[in-house]
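Participant: Chain by chain, the residues run as shown.
Protein chains: 6
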Amino acid sequence: MMLEPIPFLDEVLKEFLREDIGGGDLTTLAVFSESERKTIVKASLHAEKKGTLCGTPFAERLLRILDPSSSAKWNYGEGEVYPEGETIGILESRLSDLLAAERLILNLVKHLSGIASLTRSYVDRVNACRPSGMRPLRITETRKTLPGLRAFQKYAVRVGGGQNHRYDLHGGILIKDNHLAVSRSVRGILETARRNAPHPFRIEIEADTPEQAMEACQFGADAILLDNMPFPVLAELVGHLRSNRREILLEVSGGITLERLPQLATLDVDVLSVGALTHSSPDAPIRLDFLD
Amino acid sequence: MMLEPIPFLDEVLKEFLREDIGGGDLTTLAVFSESERKTIVKASLHAEKKGTLCGTPFAERLLRILDPSSSAKWNYGEGEVYPEGETIGILESRLSDLLAAERLILNLVKHLSGIASLTRSYVDRVNACRPSGMRPLRITETRKTLPGLRAFQKYAVRVGGGQNHRYDLHGGILIKDNHLAVSRSVRGILETARRNAPHPFRIEIEADTPEQAMEACQFGADAILLDNMPFPVLAELVGHLRSNRREILLEVSGGITLERLPQLATLDVDVLSVGALTHSSPDAPIRLDFLD
Amino acid sequence: MMLEPIPFLDEVLKEFLREDIGGGDLTTLAVFSESERKTIVKASLHAEKKGTLCGTPFAERLLRILDPSSSAKWNYGEGEVYPEGETIGILESRLSDLLAAERLILNLVKHLSGIASLTRSYVDRVNACRPSGMRPLRITETRKTLPGLRAFQKYAVRVGGGQNHRYDLHGGILIKDNHLAVSRSVRGILETARRNAPHPFRIEIEADTPEQAMEACQFGADAILLDNMPFPVLAELVGHLRSNRREILLEVSGGITLERLPQLATLDVDVLSVGALTHSSPDAPIRLDFLD
Amino acid sequence: MMLEPIPFLDEVLKEFLREDIGGGDLTTLAVFSESERKTIVKASLHAEKKGTLCGTPFAERLLRILDPSSSAKWNYGEGEVYPEGETIGILESRLSDLLAAERLILNLVKHLSGIASLTRSYVDRVNACRPSGMRPLRITETRKTLPGLRAFQKYAVRVGGGQNHRYDLHGGILIKDNHLAVSRSVRGILETARRNAPHPFRIEIEADTPEQAMEACQFGADAILLDNMPFPVLAELVGHLRSNRREILLEVSGGITLERLPQLATLDVDVLSVGALTHSSPDAPIRLDFLD
Amino acid sequence: MMLEPIPFLDEVLKEFLREDIGGGDLTTLAVFSESERKTIVKASLHAEKKGTLCGTPFAERLLRILDPSSSAKWNYGEGEVYPEGETIGILESRLSDLLAAERLILNLVKHLSGIASLTRSYVDRVNACRPSGMRPLRITETRKTLPGLRAFQKYAVRVGGGQNHRYDLHGGILIKDNHLAVSRSVRGILETARRNAPHPFRIEIEADTPEQAMEACQFGADAILLDNMPFPVLAELVGHLRSNRREILLEVSGGITLERLPQLATLDVDVLSVGALTHSSPDAPIRLDFLD
Amino acid sequence: MMLEPIPFLDEVLKEFLREDIGGGDLTTLAVFSESERKTIVKASLHAEKKGTLCGTPFAERLLRILDPSSSAKWNYGEGEVYPEGETIGILESRLSDLLAAERLILNLVKHLSGIASLTRSYVDRVNACRPSGMRPLRITETRKTLPGLRAFQKYAVRVGGGQNHRYDLHGGILIKDNHLAVSRSVRGILETARRNAPHPFRIEIEADTPEQAMEACQFGADAILLDNMPFPVLAELVGHLRSNRREILLEVSGGITLERLPQLATLDVDVLSVGALTHSSPDAPIRLDFLD
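Protein chains in written order, with this note's numbering: chain H, 67 to 358; chain C, 67 to 358; chain U, 67 to 358; chain P, 67 to 358; chain R, 67 to 358; chain Z, 67 to 358.
One thing to keep in mind: the hints can contain errors.
Since the list can't tell identical chains apart, any single copy or any two copies may satisfy a pair.
Once the Cα atoms are required to be at most 35 angstroms apart in a straight line, the calculated DSBU-like pairs of lysine-lysine come out as [claimed, not checked]:
1) K139 <-> K80
2) K139 <-> K115
3) K116 <-> K80
4) K104 <-> K242
5) K115 <-> K104
6) K80 <-> K115
7) K104 <-> K80
8) K242 <-> K210
9) K116 <-> K139
10) K108 <-> K139
11) K210 <-> K115
12) K242 <-> K116
13) K116 <-> K210
14) K108 <-> K80
15) K210 <-> K139
16) K210 <-> K80
17) K108 <-> K210
18) K104 <-> K139
19) K210 <-> K104
20) K108 <-> K242
What the hints contain is simulated information worked out from the structure, not anything from laboratory work.
Bear in mind the structure is a predicted one, so any value in this text is a computation, not a measurement.
My request is simple: use the sequences and hints to build the entire structure.
Facilitator: Structure, rendered in structure tokens:
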């Protein structure tokens, strides 16, 4: 649990608890006696709609931080699809600790299951539409994550069947439009990058036009991000690029909706990166009910 | 800036920067020389749709943390409505610092402007529909916030014209269904609460039925949260409650959509609390462009 | 133990240990061999005077942080009165850990028992002097606590039978003389507060004169703090206030000594707040002796 | 200011501010507009009784943390005696920041001035009673400090004219009764200590009887703490010890009251250590008033 | 300064200061008056042997943290070679701050200049021996850094003309002997890695034998680390690998001494990684003298 | 384990882990399935040369932090000499945790064993050469430690048979050449120090010339550090000093190499302090191999 699913998780979870509990749960302290607060109670997590489950290790850990003798039973595993109307799992803990953790557990599980569910939709659609025999096509998130929640949101993308793009500015080389805006030619910037970038990284460059993409391909980019291009342009461009350098890594981004996926899935590219997975996915409707 | 808009903000912003920058911006270091990195550049924040602006002090502060000589000019003030297609503001900073802060500034401003814009819609609708002469009706968020972002999200609600519910479990007395589920009668729990709760707080209790609400009113609740009741039930109940205790504070929550607001705005209550403001508001579409 | 008696206690206790132990206990390392340091020893906490016990969970926890197999047996429970000359409890631990924790345990238990004992005197005196049939009268501390020790001192007040005032500036609305000094009329400031203050809070205002108090009562204060008024003035004023608004919450503060309590206990008010409980209470004389 | 008066002070002061301000000053936000909150105001610190001033650098720093353009003017310097009824100093700051810092400034200045004033009484009495020509006699505190406040309390002792005993368990070698209780003879424990203790430290040992003291003197203690001995015993014992080893350092502790000082000041010893300086000194009565 | 030379540097430097200064510089406080401590003094950094300078921004920053009005003048720039017997730079600061920072400045500058000097020797030797027209050959460190000092040591390698290997386990894909020891074939592990590894990274694999290297080359490794192979084996193997896949990245490590460099520099590889740069480089002999 | 071998160790070790693991071990996650990652594996620590073992409690603790069910068996104890070619110990843990901790364990154990081995050489040489009947002669380190590693390096010195000099600037009084450079006479500075220094400390002063040393001896220094003097000067000076004050503590430093030890060991002094122990000791060659 120290390294997985997220390294050094406990301190972040304690910060989250601190945010919601502050100096203590005034209501519980005011209405229950000490012995009532220690009563063992159960609560169910109930799915109001179908979704892909994400966040169970965090829910367990949050409860365990407050009450080490708490427990959780799950009817669905992390990453599994749960149907509408079913009980997802049962939490058991001291009354005061379950009341204190309840809201945070829901806030986290609903948000992450929302992301996992949306990612799962993208991945399933791609898998269904990808012509057989083609290279694998990844769905990844971007750096459009909510501040403080990146590790959690990227984990939810993996749980939903997606894969991760670079973690942060230290986790990849990606030359973007704003680098080019203040810089030399594509060729110049690529040569500088090859000289300076640490060798464990591929050198990826964003291209906003087919010309930039062809130039990047010619001058040694390891990967090209084709940003915001219409499908016909993409289709033709990918063909040219592949015929020049068969093994170059190609990524497509910009307005990748579920509706466009069947078409995009036919492109001979490696990665579709989707900002919407993390910045605007709706909560999964799950509720928590105390059981008698 | 130490206490407003959010107390002790800088440390949180530094954590956010750390999350995105980690051990350093590899790309910028690889493609620009030290003197290029120190070039002063400008970038505009551009509105792709109309919205209510939120997050400008954070954008400035983030940039100032990295580059103390950076500056920002805003065409719209915090909380103002900006039209589609306009430039919201201009940031000026060293190249490397603007490249490093760009994504985080967008992630924060887009998320918070999303919340402020949604809140503004609620508040404007209520103001438009509230019959004149009635008591003021507040729109508040709930504790359904994203972990780690509560202070920011609650601030965005205020910027959008809303008001805040209790900050955390230490910031209010609210007896909920799950307290009642394991407890005595409404009367018993209210008497215990009055004996024990710190006197600076009102004692609020959630009622799921009119009977619970009437009992709470009779036995001294300072405030009642009427949860998930249909409008006709609410309308009748509020009348009964007001005739019993004119000054009791009444809050309504559960499925409060923009569509239902015109009707709800006619109720003689004090607060409408809306979870959707913070857990699922979509990003405001804003982009950042480097200027020549 | 995670949330009670004080949430997230362990990190604070570790800071306290760090303050006293620093880079290690040089004396113990210099005079005992490794095996001597691991010897299990016992020590008693001995009461040199009668008092109200407070701090036992912290003593146990401090010792447990250093030596998880340590134990404590208490002859008196938290909050109980112990007589002069008695053994309060027995601690058992590894020699080096007991030597390292000894001073901090005493510093904490003596300070908190001092506060609890003083609070208990106030509460007992009030209970003895309050005419039967009157509303309950609370003894509370104020914000005159020692920096860094607020949670501990407020806990000790509760353990001594008192109740807590607002925890911090974020935990209550209290309009004080210094707000009024730079502001509008009582009426104006109350109207502004009612419009802006979060609804979970009562609006309390300090009154230094009967006129201010009457004005506050008239314009909707939920609670009034009557500060530094002589008894005859208080007695008459409280009568007027109650006849205007029977349920308004009334608090009295300023120079509330044990000697004045019999008189003050006859007032028809709700709260007496006493700064001296936390800023100047003398240590409870308790000593720790190693047993053979 | 980074190293003096206390190293790395700002982070501790920020923790203190955080403790009192939490998520923000609700009252000030509720009753003042943004422009009112930024008004510059002044407040005086007023002495209700004579005392020795301590804490001015902390007051300034606290205010400066919140409002970098704040200022303070002092009529009395740190460590100076101020008379009853006088204005000690004037603080000037933004309204909201002065309201936020006011309570903490008072809590700290009153507590530390209380310690400095008590220490000053001890030191002045010793200076008045010490026969001329004798070696200097120091007044020091002990480790009986309040958790989290040690650096502040020890500083206040210095400001009051006292000197400091060891800072923590890592800041001195002091073999106490509890070490002897589980150990060998005085001789054995001293030989072990001389072999193992880091050479920058004197080896001091506590003696509860004249026999222990003489043995410690004979077997090489650098310093002896004579604990809880009546004056006649002390007087005779000190003579014996000095005739054996003229330069041995002698410390006396246990029940050192102001009343006993004239007698104790005639002893040919180096140090009087006084626990009461830090664990139970009463607050100095100082109040803060806003000026028109 | 916030992001370069090392992001978020100040907090680490403060930790370093705290380690050496603790509760304050007792000696300086004991022997100098407050006004003496504030005297402005100068000190020179003097080179006892030739070396490559590294650490000047840290020296400045450390001093500036303690004394914001301090200054530094450098006769040699960061990364420049300084000759034996010369003054490297002059520091100017308050007496007490220079005395407090002196040891830490030396510890850091001497250690980092030691690493930079050693790296510079490697890089110069490679540059001198590399036949013209060959691909660039990088000198990099490894993860054999001293705990807590990785960012500093890697920076010193860059300052000495080297380049960096992966920063940490999250900053690169490197399949090592211990992965292979518990795994499938080279082919199997490479296929799994290609399926799962984030696309911004090259997939590098360590080969201990030519057979492993050839298999890795065949099954799609992006980079191969040839570990601990004798020169003739390397020479032959590199030829085979290049003829199979011209653009594969090749790294050599294991016992890369200055003596072996002329021979190794003739290999058609991209990277030589040298653990000794960071784990065992000797201090650069530099001393600090106060000037009159 | 909370206080020994280093107090509050776990947080530092977690920082070290965080430095090397960052957001997670990408390679292990990419090449092993979840069940493979949980396989229990063993690895041996193997000595490539003879040395003195140091760091075993840290190795165990690091592994235990990641995998609480991990274990370690040691063929040699902490501080024991291990021969070349032998297995030092066997670690057993989950695969993913051993892979994650491996590098850090080696970095720490190799560095600390390097220091312990070097210290052991010094101590053994002194013990072999010290004429019988003379006072004990200590080998200590100095403050020339690597930033962030002081507690570890000082511990390694003790494990190697050495003793510790002052821990930091708060852990001893040592008047150095730079204090004298800006100060009064030796006599003046010593008198000031005696008046002001806390009594638990000896007052030590550095002397660069015999004259300074004699003056320090005359005016009451408790200890003198004889810095950088040739042996004949030292030999004569020590005789003079001892004949003046038999019990004064004498320390020698400056260029104390193994070669000079036989001569230096004949001096009638108490301490030899050796900077090289911590700033430049080479790694002990130890490797970690996974076992089948």
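Participant: Hint by hint, note whether the structure agrees.
Facilitator: Taking the hints in turn, this is what the structure says about them:
no. : hint          : result
1   : K139 <-> K80  : both (22 angstroms within a copy, 30 angstroms between copies)
2   : K139 <-> K115 : within (20 angstroms within a copy, 45 angstroms between copies)
3   : K116 <-> K80  : within (30 angstroms within a copy, 38 angstroms between copies)
4   : K104 <-> K242 : between (56 angstroms within a copy, 18 angstroms between copies)
5   : K115 <-> K104 : both (33 angstroms within a copy, 34 angstroms between copies)
6   : K80 <-> K115  : within (29 angstroms within a copy, 38 angstroms between copies)
7   : K104 <-> K80  : both (21 angstroms within a copy, 26 angstroms between copies)
8   : K242 <-> K210 : both (15 angstroms within a copy, 33 angstroms between copies)
9   : K116 <-> K139 : within (19 angstroms within a copy, 46 angstroms between copies)
10  : K108 <-> K139 : both (11 angstroms within a copy, 33 angstroms between copies)
11  : K210 <-> K115 : both (26 angstroms within a copy, 18 angstroms between copies)
12  : K242 <-> K116 : between (38 angstroms within a copy, 27 angstroms between copies)
13  : K116 <-> K210 : both (26 angstroms within a copy, 20 angstroms between copies)
14  : K108 <-> K80  : both (22 angstroms within a copy, 33 angstroms between copies)
15  : K210 <-> K139 : both (33 angstroms within a copy, 24 angstroms between copies)
16  : K210 <-> K80  : both (25 angstroms within a copy, 18 angstroms between copies)
17  : K108 <-> K210 : between (37 angstroms within a copy, 21 angstroms between copies)
18  : K104 <-> K139 : both (20 angstroms within a copy, 21 angstroms between copies)
19  : K210 <-> K104 : between (42 angstroms within a copy, 26 angstroms between copies)
20  : K108 <-> K242 : between (51 angstroms within a copy, 16 angstroms between copies)
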